[in-house]
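So the sequence lines, in the order shown, correspond to chains P and V.
Be aware that the first sequence starts at 1, since it is given in our numbering, and climbs by one per residue.
Be aware that the second sequence starts at 1, since it is given in our numbering, and climbs by one per residue.
Don't take each hint at face value.
One copy or two, it doesn't matter: identical chains are merged, so the pair holds either way.
With a Cα cut of at most 30 Å, we get these calculated DSBU-like pairs of lysine-lysine [to be verified]: (1) LYS14 / LYS197; (2) LYS293 / LYS50; (3) LYS50 / LYS14; (4) LYS402 / LYS197; (5) LYS26 / LYS190; (6) LYS26 / LYS293; (7) LYS359 / LYS402; (8) LYS190 / LYS14; (9) LYS353 / LYS293; (10) LYS402 / LYS189; (11) LYS293 / LYS14; (12) LYS353 / LYS189.
Don't read these hints as lab results, they were simulated from the structure.
Nothing here was measured: the structure is a model prediction, and the numbers come from that model.
2 protein chains.
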Amino acid sequence: MQTPWEYRFAHRTKHMRSSVIRELLKLTEQPDIISFAGGLPAPEVFPLEKFQQACNAVLSQQGGLALQYGATEGFTPLRDMIARHTTRYGIEIMTQNVQITSGSQQALDLIGRLFINRGDYIVVESPTYMGALQAWNAYGAQYISVPSDENGMIVDELETALRVGPKFIYVLPNFQNPSGTTLSLERRKKLVEIADKYGVPIVEDDPYGQLRYEGEHIPAVVTLDSEFRGPNGGHYSGNVIYLSTFSKLLAPGLRLAWVIAPPEVIRKMVMTKQGADLHTATFNQMVAYEVAKGGFLDEHVKLIRATYKERRDVMLEMMDELFPPEVRYTRPQGGMFLWGIMPAGMDAAEVFKVAVQKKVAFVPGAAFHANGGGDNTMRLNFSFSSPETIREGVTRLSLTLKEMLAQNGK
Amino acid sequence: MQTPWEYRFAHRTKHMRSSVIRELLKLTEQPDIISFAGGLPAPEVFPLEKFQQACNAVLSQQGGLALQYGATEGFTPLRDMIARHTTRYGIEIMTQNVQITSGSQQALDLIGRLFINRGDYIVVESPTYMGALQAWNAYGAQYISVPSDENGMIVDELETALRVGPKFIYVLPNFQNPSGTTLSLERRKKLVEIADKYGVPIVEDDPYGQLRYEGEHIPAVVTLDSEFRGPNGGHYSGNVIYLSTFSKLLAPGLRLAWVIAPPEVIRKMVMTKQGADLHTATFNQMVAYEVAKGGFLDEHVKLIRATYKERRDVMLEMMDELFPPEVRYTRPQGGMFLWGIMPAGMDAAEVFKVAVQKKVAFVPGAAFHANGGGDNTMRLNFSFSSPETIREGVTRLSLTLKEMLAQNGK
């Protein structure tokens with residue numbers, strides 16, 4: 001007889017759904033659709049030649065090591081380099097503060113596995129990154145949403161949430177995915193203080209920190225937390241778990257990211273990662289180290305910034321010119337996304353259907369809301385498409401929006 | 001104030017321990033220790049030149065694709081190739097039966113996530129692979145151990161275990177890790193029938209199936225299950241979830257493995273993998289495909305077999321010559337491990353301490369027992385060390401064993 005698999009699956013899978021984005025991406029795979037839906041880096045900025053040289057250097061000099069099993073913590077020279085690099089930002093980091101992960105999505109999953117008991121509350125921004133929700137739903141998390149404005153999470157509204165007794169606060173301070181907004185310095189400082197006051201840890205997700213196109217760099221929350229606590233003998237042992245990634249600086253197809261956290265968190269994370277995938281591919285770590293060790297990425301990021309800044313500018317110019325005034329949107333200082341807000345009552349999922357007929361796509365914003373709402377919002381990516389394509393796409397989207405607004409007004 | 005992290009960790013981490021093997025490996029990292037403890041392939045058999053050519057071909061021809069985000073299911077040409085390859089063994093497999101994972105450890109983790117509710121029973125062999133226990137402990141699994149002999153799991157003793165109502169049966173039929181034994185054809189057939197009778201799925205873990213050094217190939221359990229059910233329109237929809245890996249055929253440092261399962265299992269597994277790590281590194285999948293597509297691995301595996309066969313033979317010859325007769329051991333027809341059984345009452349953990357003083361190491365067998373026992377057992381790896389090193393290591397180990405037996409006899 002046939003096995004009725006549906007009844008064998010664990011309880012945690014019952015409400016598991018495929019990522020909205022991944023499903024939408026399938027819809028938008030037709031080549032004549034202009035997609036602002038994905039979160040893809042531009043392949044034009046992948047440093048292919050440098051990468052190829054690095055592969056050859058690693059394989060000819062240390063091939064046996066590169067293709068062998070490795071340590072769960074990660075390739076030590078790469079961890080050392082990340083520690084040194086982070087120290088430049090005025091925070092004391094040692095190698096034992098660093099764990100390499102198979103992309104930031106794995107870091108989010110390991111954090112869920114490490115911290116979340118079924119029913120635990122997590123404080124998130126509204127909107128927040130849906131990949132984090134997807135990871136933590138599997139561990140039975142519940143969410144408390146704190147509203148955001150153009151300066152990120154409204155930290156003044158955090159205190160009530162902290163009195164619930166959440167497991168941790170999740171925040172994306174730089175050019176947030178999905179909203180594109182940046183948490184102000186003042187709010188970051190207040191976040192550190194208020195989290196310390198209530199004794200609740202912070203998970204800081206920072207994939208885009210290096211991708212700033214204008215304005216001054218704002219210190220990371222982990223840096224401010226380190227300053228708040230004062231000197232600590234060289235390593236970090238504060239209240240923040242910090243995530244970043246090579247996906248945006250080098251290439252996402254490597255699945256290479258890192259976590260910075262107090263040593264006792266890293267030690268426990270190593271154990272959870274052992275059970276999850278033993279370790280991240282040795283070869284990929286060694287190649288990334290080879291690419292980055294001479295400071296190449298510091299130079300390379302300038303090309304990425306120039307490319308994405310132009311695309312952001314083109315998208316904003318076109319939107320300023322063509323978008324109906326009823327639709328508001330953020331003006332990100334960096335990153336890969338901006339966020340559109342249509343009048344209340346409009347449904348982005350309906351707009352999406354019409355937009356796809358007009359051969360343009362985006363992500364309806366509801367999926368970025370942990371506790372419902374946001375039906376009238378949308379996420380637009382500006383990193384992937386060429387300026388020319390962006391012009392045409394915004395034109396199509398403007399037509400769609402005007403049409404829908406007119407219908408809505410009837 | 002300092003965050004008391006220990007109290008923030010989730011309940012599932014309370015009994016989490018680092019893998020015994022990984023901890024032992026640290027002890028045995030001194031260069032003068034001969035280690036039979038790890039499960040490492042010999043780096044001498046890594047096809048470095050071919051691998052380097054493949055990297056260059058992928059990057060020069062499809063670099064943009066290789067470094068970009070990819071589908072959670074895996075790189076389609078690689079999935080197609082695995083489906084075609086598996087079809088050669090007389091089982092109907094289509095691409096939708098195949099999921100690429102970040103090593104077999106991730107496949108074990110995803111299976112746990114997909115199936116195991118806290119308290120669920122899993123039927124395992126005694127001894128069994130400790131990496132599976134490590135993965136499933138995080139999901140709150142309990143285990144029913146079925147004893148094994150030189151022909152693998154004693155299937156006649158399975159029926160009682162199945163009346164408990166377990167979630168699935170976990171079996172490593174070929175050159176089992178740790179015992180080195182192989183499940184006989186007769187028992188495989190009986191396993192398929194009895195699992196079908198009770199409606200309990202089978203998880204078949206087969207990392208070493210290609211590494212047979214003598215005797216006839218025995219069809220995989222998934223193949224026998226497919227035959228048992230008869231033709232099914234081209235794809236597999238039976239009762240077995242089958243795992244295999246590129247770690248032993250190509251290189252473990254790539255973290256590349258695959259799952260073959262009914263399409264409804266694969267569909268759900270894709271969702272769990274999205275939350276776990278989005279997808280396995282695109283570049284690694286494309287390079288593995290490039291290496292394998294012309295049939296290279298079919299040739300390359302002959303070199304691996306010849307290398308490991310020699311090492312196994314040397315280890316067995318030396319043990320036959322030097323080991324005290326009170327210590328029994330298996331004679332594996334393939335794979336990477338053999339299994340030693342000392343007289344009852346001997347403690348392999350104690351023997352280990354003395355062995356390390358004599359500069360030789362192995363893994364005490366207790367960790368491979370889901371429900372205790374096996375204190376007098378040990379796992380020895382023969383794939384990693386050169387024949388010369390194996391001779392010296394077995395000599396040292398024999399001395400250790402004789403010494404401990406003499407003490408024990410006092």
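Against the structure, the hints come out as follows:
1. LYS14 / LYS197: Answer is between: at 27 Å across copies they meet the 30 Å cutoff, but 37 Å inside does not.
2. LYS293 / LYS50: both (12 Å within a copy, 26 Å between copies)
3. LYS50 / LYS14: neither (45 Å within a copy, 44 Å between copies)
4. LYS402 / LYS197: Intra 48 Å, inter 62 Å, cutoff 30 Å: neither.
5. LYS26 / LYS190: neither (41 Å within a copy, 43 Å between copies)
6. LYS26 / LYS293: between (37 Å within a copy, 27 Å between copies)
7. LYS359 / LYS402: Within one copy only: 15 Å inside a chain, 78 Å across chains, cut-off 30 Å.
8. LYS190 / LYS14: Classified as neither; 39 Å inside a copy, 33 Å across copies.
9. LYS353 / LYS293: neither (46 Å within a copy, 40 Å between copies)
10. LYS402 / LYS189: Cα proximity of LYS402 and LYS189: none, with 41 Å in one copy and 66 Å across.
11. LYS293 / LYS14: Close neither inside one copy (45 Å) nor across copies (38 Å); limit 30 Å.
12. LYS353 / LYS189: Cα proximity of LYS353 and LYS189: none, with 42 Å in one copy and 52 Å across.
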